[in-house]
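A.B. asks: These protein sequence lines map, in sequence, to chains A and B. Using the numbering used here, you'd call the opening residue of the first sequence number 530 and step up by one each time. Using the numbering used here, you'd call the opening residue of the second sequence number 6 and step up by one each time.
Just so you know, the hints here were simulated from the structure itself, not pulled from any lab data. Every value quoted in this text rests on a predicted model; they were computed, and no experiment measured them. Zero decoy hints are in this set.
Below are the DSS-like pairs computed for lysine-lysine, each with C-alpha atoms no more than 30 Å apart in a straight line:
#, chain 1, residue 1, chain 2, residue 2
1, B, Lys102, B, Lys58
2, B, Lys58, B, Lys115
3, B, Lys221, A, Lys671
4, B, Lys27, B, Lys61
5, B, Lys61, B, Lys115
6, B, Lys199, B, Lys243
7, B, Lys115, A, Lys671
8, B, Lys115, B, Lys221
9, A, Lys759, B, Lys119
10, B, Lys221, B, Lys243
11, B, Lys61, B, Lys221
12, A, Lys759, B, Lys221
13, B, Lys102, B, Lys27
14, B, Lys119, B, Lys243
15, B, Lys243, B, Lys138
16, A, Lys759, B, Lys138
17, B, Lys115, B, Lys199
18, B, Lys119, B, Lys221
19, B, Lys221, B, Lys199
20, B, Lys61, B, Lys102
21, B, Lys148, B, Lys61
22, B, Lys102, B, Lys148
23, A, Lys671, B, Lys102
24, B, Lys148, A, Lys759
25, B, Lys61, B, Lys119
26, B, Lys243, A, Lys759
27, B, Lys199, A, Lys671
Quick list of simulated restraints, FRET-style, between CB atoms:
#, chain 1, residue 1, chain 2, residue 2, range
28, A, Glu768, B, Tyr238, 27 to 33 Å
29, B, Lys148, A, Cys772, 18 to 24 Å
30, B, Lys148, A, Val607, 57 to 63 Å
31, A, Gln544, B, Arg80, 23 to 29 Å
32, B, Glu195, A, Arg670, 27 to 33 Å
33, A, Arg674, B, Leu249, 29 to 35 Å
34, B, Lys199, A, Ala800, 52 to 58 Å
35, B, Glu219, A, Phe693, 33 to 39 Å
Which chain B residues face chain A? A few, computed with CB under 10 Å, are given here:
#, residue
36, Val90
37, Arg163
38, Glu164
39, Gln170
40, Met185
Where is the CB? At the ideal position from N, CA and C, for every residue including glycine.
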Amino acid sequence: MSQAALPLKQRGWGQTMRRDAWWVQPLAVFLGLAAFLVYANFRVFEGAHYYSGHSERNAATNYLTPFYSPLLFDVPGVRPSGHAWWSEKPALLAWLPGWVSPAALILIFPAGFRFTCYYYRGAYYKAFWADPPSCAVGEPRKGYRGENSLPLILQNVHRYFLLFAVLFLFILSYDVWHALWFKDGAGGYRFGVGLGTLILATNVVLLTGYTFGCHSMRHLMGGGRDCVTKAPLGHGFYECVSCLNRRHMLWAWLSLFSVAFSDVYVRMLAAGVWADWRIF
Amino acid sequence: MATATFQVWRGDEAGGSLREYKAEVGEGMVVLDVIHQIQATQAPDMAVRWNCKAGKCGSCSAEINGRPRLMCMTRLSTLDLTQPVTVEPMQAFPKVKDLVTDVSWNFRVKRQIKPFRPRTPDAPDGTWRIDQKDVERVQEFRKCIECFLCQDVCHVLREHHKHDQFIGPRFLVYAAALEMHPLDTENRVEELRKAHGVGFCNITKCCTAVCPEEIKITDNAIIPLKERVVDEYYDPIKMFFRFLGGRK
Numbered sequence: 530m531s532q533a534a535l536p537l538k539q540r541g542w543g544q545t546m547r548r549d550a551w552w553v554q555p556l557a558v559f560l561g562l563a564a565f566l567v568y569a570n571f572r573v574f575e576g577a578h579y580y581s582g583h584s585e586r587n588a589a590t591n592y593l594t595p596f597y598s599p600l601l602f603d604v605p606g607v608r609p610s611g612h613a614w615w616s617e618k619p620a621l622l623a624w625l626p627g628w629v630s631p632a633a634l635i636l637i638f639p640a641g642f643r644f645t646c647y648y649y650r651g652a653y654y655k656a657f658w659a660d661p662p663s664c665a666v667g668e669p670r671k672g673y674r675g676e677n678s679l680p681l682i683l684q685n686v687h688r689y690f691l692l693f694a695v696l697f698l699f700i701l702s703y704d705v706w707h708a709l710w711f712k713d714g715a716g717g718y719r720f721g722v723g724l725g726t727l728i729l730a731t732n733v734v735l736l737t738g739y740t741f742g743c744h745s746m747r748h749l750m751g752g753g754r755d756c757v758t759k760a761p762l763g764h765g766f767y768e769c770v771s772c773l774n775r776r777h778m779l780w781a782w783l784s785l786f787s788v789a790f791s792d793v794y795v796r797m798l799a800a801g802v803w804a805d806w807r808i809f
Numbered sequence: 006m007a008t009a010t011f012q013v014w015r016g017d018e019a020g021g022s023l024r025e026y027k028a029e030v031g032e033g034m035v036v037l038d039v040i041h042q043i044q045a046t047q048a049p050d051m052a053v054r055w056n057c058k059a060g061k062c063g064s065c066s067a068e069i070n071g072r073p074r075l076m077c078m079t080r081l082s083t084l085d086l087t088q089p090v091t092v093e094p095m096q097a098f099p100k101v102k103d104l105v106t107d108v109s110w111n112f113r114v115k116r117q118i119k120p121f122r123p124r125t126p127d128a129p130d131g132t133w134r135i136d137q138k139d140v141e142r143v144q145e146f147r148k149c150i151e152c153f154l155c156q157d158v159c160h161v162l163r164e165h166h167k168h169d170q171f172i173g174p175r176f177l178v179y180a181a182a183l184e185m186h187p188l189d190t191e192n193r194v195e196e197l198r199k200a201h202g203v204g205f206c207n208i209t210k211c212c213t214a215v216c217p218e219e220i221k222i223t224d225n226a227i228i229p230l231k232e233r234v235v236d237e238y239y240d241p242i243k244m245f246f247r248f249l250g251g252r253k
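Next up, chain A with everything else stripped away, as it sits in the complex:
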């Protein structure tokens, strides 16, 4: 490859001639992602308040928080939720210490999907690693390997996490179906809609917008071909994915917020802090 006639000087960390508040965006991303990480870790290791029906105040509701969905098994010592795949911790997982909640076993998939997402990568390289801190702003390190070698070359696994993300959409949609059925007190269920139902449904819509607007999805749905009219599910589907992809950052943040908000809402119901608003 041709080399430019150097020397070119590297600027120091944070050195720039920019006059605008270039640090606002990376700082906002840092605070937003850090807040989510702290809260998600707290919830994963809390191992409680994941099912709204556990509270006597909201006993009729049937909401499972997305942080614990799919619920592999109910946390030992907690009343069965009716959502667990296994009624108790399977023998295969018996060796796991008690502080490893069922959420810790499944969240690796959505977390991996977001961690390797093209949008988030660009955002956290700036916000957490200052590589660069912002456009046309000096960096703290001289060396740079990018995603050309280990460890960041592993980001290429993104398309596999995408497959799990799609699977999770089905699971979360099934949870919304469950959220439409309220216990009638006589051992049966009645169809209804509560505020929690709407929150969980909105969460699935936003997650769908984020997942189907993914760059890897766009590639798999025709972007990888030279003739997009020969896309596997048709040109219309490719266009639809491309349309979502144009607002991928927006979908990423809205869905991240909705996951956290859905969890806060269900957690508060499960802890009996507030009562669900039953619409009908």
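Fit chain B to the supplied structure of chain A, relying on the hints for placement.
C.D. replies: Then chain B, alone, in the frame of chain A:
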């Protein structure tokens, strides 16, 4: 007319500094107008490259208040004229004189990208048939005016000077325009991974942010190329099926 202060970088490859000039500014003026005014009235030896003054030739690239921009497309009304406005040459390329940089590296890089190789014509008269929808995608890339602002802002070139390992956003767009063309039969994926260094891009989208033609460089060119590299080199399932199919 009001007066504003401009700090223009003066110097050459050996070094230089910002020099302050006062200029008369009025409605509708752009930064290039001010540079021409300074050149005409105060600094006749000031070097500046320009041509069309309409944002189409890509000649007057510079850094205005630290942001890579075309001087002819930067209206003074978008700048804070109560503060001195800085005008510097692009940082990713060697300086020649004042605001002029040596961008010849870009043209040497361009020659190394495999050229367009169309398939056999579809009709006996030597013409092809292409669906408009198929060719629309690469038409976006043809808007590029080669101002090299994307190359300038890319931290891989600007900060880390990987000019010998990474071709930069402009030429990833150029490679994408060829690689995604419905008629092209050439395969550039191996070069993109190795010699062209697409893996060095860490998708911070600075190139997209500065593009005067508003080409979605990262989303529509670089990431799709990265995905094609993944197809060939980092997707074990695809590799397995290629192996079963007898392809490498």
